[in-house]
Every structure is written in structure tokens, then in C-alpha cells.
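Asks: Sequence:
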Amino acid sequence: DVGICKTYSQGLLFPLFPNEHEWSDGLRVALYGAGLIFVFIGIHFLVDKLMEAIDVIQNRKIRVRNKKTGKLVTKVRWSGAFCNLLLLVLGQSSPEILLSNTEIIRNKMHYGLIGPLTIVGSASVHVMFIVGVCIISAPKGELRKVKDIGLFGVTFFLALGTCLWFVLITNITSPDVIELWEGVLTLLIPPVIIIIAGCWDYGVFGRRNEDIARFLEQK
1 DVGICKTYSQ GLLFPLFPNE HEWSDGLRVA LYGAGLIFVF IGIHFLVDKL
51 MEAIDVIQNR KIRVRNKKTG KLVTKVRWSG AFCNLLLLVL GQSSPEILLS
101 NTEIIRNKMH YGLIGPLTIV GSASVHVMFI VGVCIISAPK GELRKVKDIG
151 LFGVTFFLAL GTCLWFVLIT NITSPDVIEL WEGVLTLLIP PVIIIIAGCW
201 DYGVFGRRNE DIARFLEQK
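Going left to right, the sequence shown walks through residues 1 to 219 as full-length UniProt numbering numbers them.
Hints were generated in silico from the structure; no laboratory data involved. For each residue, glycine too, the CB sits at the ideal point set by N, CA and C. Any given hint could be a false lead.
Claimed, not checked - Taking CB as the label site, the calculated pair distances span:
{"id": "1", "residue 1": "H21", "residue 2": "I189", "range": "37 to 45 Å"}
{"id": "2", "residue 1": "V64", "residue 2": "L36", "range": "48 to 56 Å"}
{"id": "3", "residue 1": "I136", "residue 2": "G161", "range": "41 to 49 Å"}
{"id": "4", "residue 1": "K140", "residue 2": "H44", "range": "34 to 42 Å"}
{"id": "5", "residue 1": "I189", "residue 2": "P18", "range": "40 to 48 Å"}
{"id": "6", "residue 1": "K75", "residue 2": "M51", "range": "33 to 41 Å"}
Stated by the list, open to error - With a cut-off of at most 30 Å between alpha-carbon atoms, the simulated DSS-like pairs for lysine-lysine come out as follows:
{"id": "7", "residue 1": "K49", "residue 2": "K68"}
{"id": "8", "residue 1": "K75", "residue 2": "K147"}
{"id": "9", "residue 1": "K75", "residue 2": "K145"}
{"id": "10", "residue 1": "K61", "residue 2": "K147"}
{"id": "11", "residue 1": "K145", "residue 2": "K61"}
{"id": "12", "residue 1": "K61", "residue 2": "K71"}
{"id": "13", "residue 1": "K61", "residue 2": "K49"}
{"id": "14", "residue 1": "K147", "residue 2": "K68"}
{"id": "15", "residue 1": "K49", "residue 2": "K140"}
{"id": "16", "residue 1": "K71", "residue 2": "K147"}
{"id": "17", "residue 1": "K75", "residue 2": "K61"}
{"id": "18", "residue 1": "K145", "residue 2": "K68"}
{"id": "19", "residue 1": "K67", "residue 2": "K147"}
Could you build all of it, start to finish, from the sequences and the hints given here?
Replies: Put into C-alpha cells, the structure is as follows:
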């Protein structure tokens, strides 16, 4: 396997010109680095606009009449869980998804060092590291609680199930190869997680999160 910067090598996009391998290494490093920075800046602007749009949608409120009291109350129109997970999937995770897809296509559906390992590693950071930082960052003498303990549990186990799914398709069902049906099912996992979390937040599956949190506090 010839490296992309070696003579007569060919990557997914580069070299663009037939005699590009004859250029000096310093010039190629500068050009490739500038192109990479340009692409990252473009992705940053797109993701930033997407995050702003989702934030506007999440903060949108409506006035509804309470059926029991008859009074007008202000409620958030969209589920916070739905918006936050959508932001996580389409915003923060989009660069690693693009990198993984590029690697899979270049390797003819054989995954490499970037693909599943990057996605699982990022998910582990979100589930464990960020939660740990939130716990230890609480000021001394103050108490912090998970507002929606039921939703937190649902999201955690769904994320854990996704990691196990990656282990299954990369080591058991088809080692070193991503088959078409595996890719399709993997593509359907994020919408399913978002829908389940949103339904839980809206109380479709039974008791609301506040009821579950109150029940756990009593225990």
C-alpha cells in the first residue's frame, strides 16, 4: 500500500495533476494543509448555522390553556430532548460522520482506522467524560440533580446499544467489511433514537419524567 504522498500514489481526491508527485514536499504540505483548513472552516460555518437554527426552534414557546385550571400557561413548543439529540447527530457528529463515510468509500466498503473507532470514541466521550465533568464541576456544598432521570436513562442505554451494534457488525457478522444492509440499519439508528427520546419526553410511554424523578427521590 503506497502512501498518498509517495510517487505514483492516488487518493480519493489527490493528486489532482499528473506530475504532482514531482513537486517539493514543502509545497505539497502547504497546499494540502491550506485545503484541509479551508474544508474544516466551511464545515464549521455550516454546523454553526445548523446549531443556531436548532437553538431558535428549541426556544420557541407557545401559550396554551391548562385543561384542569383553565389558565393560560407558557410551554416550549418542541421537545428539548428531540432538539438536543438532533443537534448532537447533525451538528457535533457531522465531521466524524463525513470522515468515516469518505474512508469507507475509498476503501471499497472496508473500514479503516477512522470509521467505527472514531464514532464509538466520540460517543464514549459524550456519555462518560462530559457527564463526569458535569458531576465534578458542581460547586462545593451545592447539590445538582439530573432533571429528567428517565430520559437520561433511555438516552444512555440507547447510546450503549449503538456501541454494541458497532461491535457486532465490525467483529461478528462481517469482520473488516461494512455490508449494505448493515449501513442501512446504522443509518436508521439515529432517527429511531431521536424519536424514542422525543416520545419519552412527551410522555407517550406513560408517566412523565417528572413523575419518575419524584418516585426515585422518594426511594
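Asks: Each hint needs a verdict: does it hold in this structure or not?
Replies: Hints versus structure:
For the hinted restraint 37 to 45 Å between H21 and I189, the CB-CB distance of approximately 41 Å keeps it satisfied. Checked against the given bound of 48 to 56 Å, the beta carbons of V64 and L36, roughly 49 Å apart, stay inside it. At roughly 27 Å, the beta carbons of I136 and G161 sit outside the given window of 41 to 49 Å. Look at K140 against H44: about 36 Å separates their beta carbons, and that is inside 34 to 42 Å.
Distance hint for I189 and P18: a CB-CB separation of about 42 Å, consistent with the stated range 40 to 48 Å. Evaluation of the 33 to 41 Å hint for K75 and M51 yields a failure: the beta carbon distance comes to about 23 Å. Between K49 and K68, the direct Cα distance comes to roughly 40 Å. Violation of the 30 Å bound is thereby established for this hinted pair. Restraint check: the Cα-Cα separation between K75 and K147 comes to about 17 Å, which is no more than 30 Å; the hinted pair holds.
The straight-line distance between the Cα atoms of K75 and K145 is roughly 22 Å, inside the 30 Å bound, and the hint therefore holds. Proximity of K61 to K147 is assessed by CA-CA distance (about 20 Å); at most 30 Å being required, the pair is judged to hold. Annotation: proposed proximity of K145 to K61 holds, straight-line Cα distance about 25 Å (limit 30 Å). Restraint check for K61 and K71: the C-alpha separation of about 16 Å stays at or below 30 Å, so the hint holds.
With a C-alpha separation of about 21 Å, the suggested pairing of K61 with K49 holds against the 30 Å cut-off. Restraint check: the Cα-Cα separation between K147 and K68 comes to about 24 Å, which is no more than 30 Å; the hinted pair holds. At most 30 Å may separate the alpha-carbon atoms for a hinted pair to count; K49 and K140 exceed this at roughly 37 Å. Between K71 and K147, the direct Cα distance comes to roughly 25 Å. Compliance with the 30 Å bound is thereby established for this hinted pair.
For the hint pairing K75 with K61, the CA-to-CA distance comes to about 6 Å; that is within 30 Å, so the pair holds. Restraint check: the Cα-Cα separation between K145 and K68 comes to about 29 Å, which is no more than 30 Å; the hinted pair holds. The suggested pairing of K67 with K147 holds, with an alpha-carbon distance near 25 Å, which does not exceed 30 Å.
The structure shown violates the earlier hints numbered 3, 6, 7 and 15.
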